[in-house]
Amino acid sequence: MDEIPKKPMLRRTKPFDWDSLRQRLQASREAVGRELTPDEEKAVLRKRARALARQPMQEEAGDGLDCLEFLLTYETYAIEMRWVAETCPLRELTPLPCTPPFVAGIINVRGRIVSVLDLRQFFDLPQKGLTDLNKVIVVHNGGMEFGILADEILGTRSIPLAEVQPPLPTLTGVREEYLKGVTAGRTAILDGARLLADKGIIVHDEIAE
Amino acid sequence: MDIEFQKRLLATFRDETREHLAAITAALIALEKSAEPDKRQAILETVFREAHSLKGAARAVGMAGIESLSHALEGVFAAFRRQEAVTSPALFDLLHRATDTIDKLLLTGETYGSAATATPVRELVVSLEQAAKRALSRPSPPEPPPAEHAPLPESQKTPPADSAAASDTIRISAAKLDSLLHQAEEMLTLKQAASQRGAELREIMAALSAWEKEWKKVRPALRRLRKLQPAPAGHPLTGADAAQPGKLLAFCEWSHDAVKSMELKVRGVAKMAANDRHELDGMVDSLVYGLKEALMLPCASLLEILPRMVRDLARERGKDVELVISGETVEVDKRVLEEMKDPLIHLVRNCVDHGIETPGERRRGNKPAAGRITAAITLNDSNLIEILVSDDGAGIDTARVAAAAVRHGVVVRDQAERMEREELLGLIFSSGVSTAPLITDISGRGLGLAIVREKVEKLGGTVTLASEPLQGTTFRMVLPLSLSTCRGVLVGVGGQTFIVPAAGVERVTRIDSGALRTVENRETVELEGEALSFVRLADVLRLPRKERPGADGGLIQLFVIGSGASRIAFAVDAVLDEQEVVVKGIGPQLARVRNIAGATVLGTGKVAAILHPGDLVKSAIKGAAAPAAGAYAPEAPEAVRRAVLVAEDSITARTLLKNILESAGYRTVTAVDGIDALTQLKTNEIDLVVSDVDMPRMNGFELTTRIRASREFADLPVVLVTSLDSREDRERGIDAGANAYIVKSSFDQSNLLDVIKRLI
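These protein sequence lines are chains Z and P, in that order.
Residues in the first sequence are numbered consecutively from 1, following the numbering used here.
Residues in the second sequence are numbered consecutively from 1, following the numbering used here.
Okay, chain Z solo, but in the shape it has when bound (with noise of 0.2 Å):
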């Protein structure tokens, strides 16, 4: 279950630095300029051999939850990465009648019809605002597999678990046995597992004779 392939995610990417790359620009230009003597050269390879031997750092203390964040209603969300198959935007969605509020439709995503979940109504959540709710990222253990809305997918990040504090329900309004954690940003870590296997959010609607 835990060896659900990544797939490459959109990252939010940085304005380009053009002021550091005119500084790598110029200084090279001045070093192609002059040569070395054996000394300084004998000096900067030291200097290179010492850096190569260093111990590495470890990156982050501890290890870190490779997690997606999105915001819904102007919450910020994150679920890990190991259960996002992929993010979409929303174009068309076929509401199906018969089911509960808390299923928003179904899309065709390249052939495969999914279905889309609006978390908010599942959670309880107050319904505040207006906001655009057109992304859907799909979650799936193998078995189980949904889309969920969201308002805006923020991009990838790793977590370090040492940020993670045990969830305070009255934060984000999500019941606690749903969250993994909370981090000082207020991020609410959604538990994927839990979501994925919870027998509640299976539609089985059988007519009685």
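None of these hints come from the bench; they were simulated from the model.
Careful: at least some of the hints might be erroneous.
SDA-like, lysine to any residue: derived pairs with alpha carbons at most 25 Å apart [claimed, not checked]:
#	chain 1	residue 1	chain 2	residue 2
1	P	Lys458	Z	Gly111
2	P	Lys271	P	Ala250
3	P	Lys341	P	Leu306
4	P	Lys658	Z	Leu196
Let chain Z serve as the given structure and place chain P on it in line with the hints.
Showing chain P alone in chain Z's frame:
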């Protein structure tokens, strides 16, 4: 030996052995029934050869258990062949047990040496050898015992049938073919998309024709203007300005030529597109047809399990049953056959267990001692398969059905008393109803027929039954030939498009609203002299209905589904089309949705839900208790209803705004961006515009500016709804000419409606 090679060898051996076993089983059944010596000889000849080939094949792969069993079988058949031995049911039981054991050995791949099976296999071999000896011990012309090593004539070694065709046949795994068919069926969507593109090109041509008409209207004005060039003396335009009208005129003429040549090109493209489409149609159709054909199996594979099953069951129950099978050669989608296996077995078991009486009872009823069960598969002219399972037994006792139904709470007593025989028979499909006095191990747990119906309906088919006391019972199942595509009727309800599988639709028609009658507070409609229940599909699906169909007189479009007493007419807003659709699942999260069977992608790229006919009938019957009339809130006449144009690029926000406005009594027109909104304004009567600010192509500010700049719409109220919440943005909105500015983060429906009420 190479392990991989050995594995492949074994797999081939398994397939081959199954074929031999099937042939032996069929022959044994025929042998037991047939008394004519000639026929028996021919059959014996076949089984002997089958057993011999099986022995050889088993030896080649080292399956010693199977080898010794088939050797013993061969011995028995050889003895039969020479002796015309008297055969008893017990002997046939033994022979069947031997084939079963071979099948089991095949499954486990065990060889003779394995401890688990060694003893039973050896015992069976001994019994078979004794049987062969007993057969031989009867007085007979002396002849050497069957020499199993004596080579058979070459012609006897090869299977008799299809030996010439066999060399042209290859085995492909069904999974591979399934995936190919699936891909080919996806191309049907492409085909529909091509037809949609064609329609769009025709729309462009129509727009160009409209332009041409307008052009012809202004041409006289242009001609006049041209005559006035250059501007005569005394004209207000002087100097460099005097040349400006001339430039404009030249541009107009150039534009005309440019548009005309574009029109020619579009015409050419449209023509080519139509040709391409035509070709694509033919190619995709024949590709899908060909692959479907490749995946079709003769029904023999479904029917061949029955003779053995009926024989064993009848012996166990002390009944005498003759099974008549037809339709083995009808070819059906493999997936349909697989799904139908359980229902068919269940129905035939029911016939043996409940339908056919004991020989004593039958004789008392002046019937032949042997009961007769028929399993017939036919292909009817509308490309549906029909499976009939009937018996000439006691028929269904409706009094007992009614009693069981009352006991299980399916109906209440007085309800049951008022029911017709046909309706009572229908109850037998309800779960919990069984008329079997004893719960036997064969059937009678009262769940079987409910499961049969569920399976048949899942395939988009129907199941009905007819039963006469003392005459027998007939079950009739009608199914589509193929699973993944079906013909569907496209209907429009409440602004959405749905598909009703054509296999479930009895008829599509339109009626005059005057033909509606209300009986006991339920609406009915008379079709061909028969009164049917009448419901609105929108009510069954709990969709908002805007206008009450037929309230204003005029025609109502409807389709009829269901059978027997529960035929129901469903009214829709429009019947749009009938076409082949690819049936898709709606994902694991929607395991089962009431009234919905699946979904498909239409030529426009839009997804449409496929309705579940069986569910619709059930929902309609359940919902019928609700009063038919009076559910409509009095509505303002069309003329007074104000129209609001909603421009918003997000589909969810657009739908939300539309729903808020419509439930407040406004008519709505929607647009996906500013450009679209301007187009909609020109073709619709609009009283107010609600627009998002941040939209592609043309944003809300620009749209407002354009509206204010135009002569026609200068006074049209505009409400901007935006996520931009700064003073500058607000001022920018007011500068553009918006009448109101609503910030999304503090949006709620009452403030929107208040603002609109103040403006119109």
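Evaluation of the provided hints:
For the proposed pair P:Lys458 and Z:Gly111, the alpha carbon gap of about 22 Å is at most 25 Å, so the pair holds. The hinted pair formed by P:Lys271 and P:Ala250 fails the criterion: a straight-line CA distance of about 32 Å is larger than 25 Å. Between P:Lys341 and P:Leu306, the direct Cα distance comes to roughly 10 Å. Compliance with the 25 Å bound is thereby established for this hinted pair. Our distance criterion of 25 Å between C-alpha atoms is broken by P:Lys658 and Z:Leu196, whose separation comes to about 32 Å.
Violated hints, listed in ascending order, are 2, 4; each of the other numbered hints is respected by the structure.
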